[in-house]
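Taken in order, these protein sequences are the chains called S and H.
Those letters in the first sequence? Residues 1 to 290, per UniProt numbering, in order.
Those letters in the second sequence? Residues 1 to 290, per UniProt numbering, in order.
No lab work stands behind these hints, which were simulated from the structure alone.
Careful, some of the hints might be misleading.
Any copy will do: because identical chains look the same in the list, a pair fits if it lies in one copy or spans two.
[Stated by the list, open to error] Only pairs whose alpha carbons sit at most 20 Å apart, straight line, appear in this in silico DMTMM-like list of lysine to aspartate or glutamate:
#1 Lys-202 x Glu-174
#2 Lys-75 x Glu-144
#3 Lys-109 x Glu-144
#4 Lys-75 x Glu-56
#5 Lys-75 x Glu-55
#6 Lys-249 x Glu-201
#7 Lys-75 x Glu-262
#8 Lys-249 x Asp-199
#9 Lys-202 x Asp-281
#10 Lys-166 x Glu-204
There are 2 protein chains.
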Amino acid sequence: MKTITVIGPGLIGGSAALDLRKAGFASHFIGVEQNPENAAKAVELGIVDQVLPLEEAAALSDVILVAIPVTAIQKLLPSLLDLVPPQTVVIDLGSTKTLLCQAVQQHPKRAQFVAAHPIAGTENSGPLAALQGLYQGKMNIICEKELSSAQALATALDLFTTLGLKTIFMQPQEHDKHVAYISHLSHVSSFLLGLTVLDVEKDEKNIFTLAGSGFASTVRLAKSSPDMWAPIFEQNAHFLSHALGEYIKHLQQFQHHLQHGETEQLYQMMTQANQIRPVLDGITQTPPAK
Amino acid sequence: MKTITVIGPGLIGGSAALDLRKAGFASHFIGVEQNPENAAKAVELGIVDQVLPLEEAAALSDVILVAIPVTAIQKLLPSLLDLVPPQTVVIDLGSTKTLLCQAVQQHPKRAQFVAAHPIAGTENSGPLAALQGLYQGKMNIICEKELSSAQALATALDLFTTLGLKTIFMQPQEHDKHVAYISHLSHVSSFLLGLTVLDVEKDEKNIFTLAGSGFASTVRLAKSSPDMWAPIFEQNAHFLSHALGEYIKHLQQFQHHLQHGETEQLYQMMTQANQIRPVLDGITQTPPAK
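Pulled out of the complex, with its shape left as it was, chain S reads as follows (with noise of 0.2 Å):
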């Protein structure tokens, strides 16, 4: 059976690692963690077996994921398949995909890496927001699937139904510019909804209690890790600043018509923002974990 190699094993390796193991995927789970407390926290959560340096682990394993902020995994990915053996696969997990790729597009054993992008998660991070089922009937994208190998591919794929994504492929670039708006503009709009109701009534704190559900839905991602998100943002900034920039305009407009007392055309504007309802039909929603 496999040994896998997590690198990270917080809420986006951890998870992968947990369902993985319950599905007999492998058998043995190592993780690759600098901070102390959460390689403890792994090992103790059994989200791995045993946490390693990276370059015994990469000696061992048949599967490495690596499961870290962007800019690291960009950092990270020419040397470690410099370390790794001839049949190791190497998947990253990163939520942009087009500086990832580059930095290994001439390594000689490109072939062995699956650019990937699960696109789920919730508002927590670290080994003790791993969850089970985090994967479960969610998508999956794969970049340059030309350039990986059969074998490369065809164990990603297994890896990736087992954990019960659907994988589709796209280019890079096709990838960052659609999750800009699917996925990064909606962290960038909840982020700084928190931050200007936090400004605003920084003298009324109380006030938060008449928050309803709506606010609390509508800034749970405020809650995420600039660990994580600062360094997304950062390699999506071309895409991610047009799509803000998008944003900005409807806001924008709305505004103007909201000034100028066009109440037909504030109704018109949210009659078509219902089509979203038709269109996320099907989308699971996760709950939000404490």
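Based on the hints, put chain H in the right spot on chain S.
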């Protein structure tokens, strides 16, 4: 036992009726509903026992709950107070307060009126959206309590306590200013996020299959009823426009840092936004209803 009329037995009024009936707060429930389909549904679902024209219902009622769009409340309130018998208590449940309070400030029967805003809801509307327990543990705001009679206020507080609401008191302008941030702005941010992504991805609708639970959570409120929300935004245009301006300013600042590679500043803004987590602890999340 009491007779309660619910003008607008939908999400807000219908949910109140369901719980008031269950608690034995009243023995007879009358609906006032112009839409024949919703009227039939409200009876069928046991929200009300019968549907009557406004004049008949008003003459029979101990308590009248007004739960229609806020511009309709504003128009109806003076003539409704004209109609009601001397002991009847009229309570509005609208999400704005300044214009509604102004509409009856000089009315000879102002003392029979209580201006309230229970802060609860979902993205759905109509009788089918009515939920038992919607108000349990939530906050309620009563405005201009000094203009309500002691009897009217006591009846209203008894009713809200029965629904599980905790009531606090504010002046209308103060109410409208705070809910602009804590409720209305999150609806606008969600409506416009949904609209932006729909606009940009209009030729690639299947891209929405990629959306994760984070996107779904952030755009949930974009499914809300324009019939309910356009009037709220119109009535609270002054404070909401200001809130929206603050939000846009924060988004532009974030975009500036993004475009200039100022990741440290992005990181700081996100870390500040993270403060929403301890602030929100204790707010109950309503699971999204289908």
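Identify every previously stated hint that the structure contradicts and give their numbers, smallest first. none
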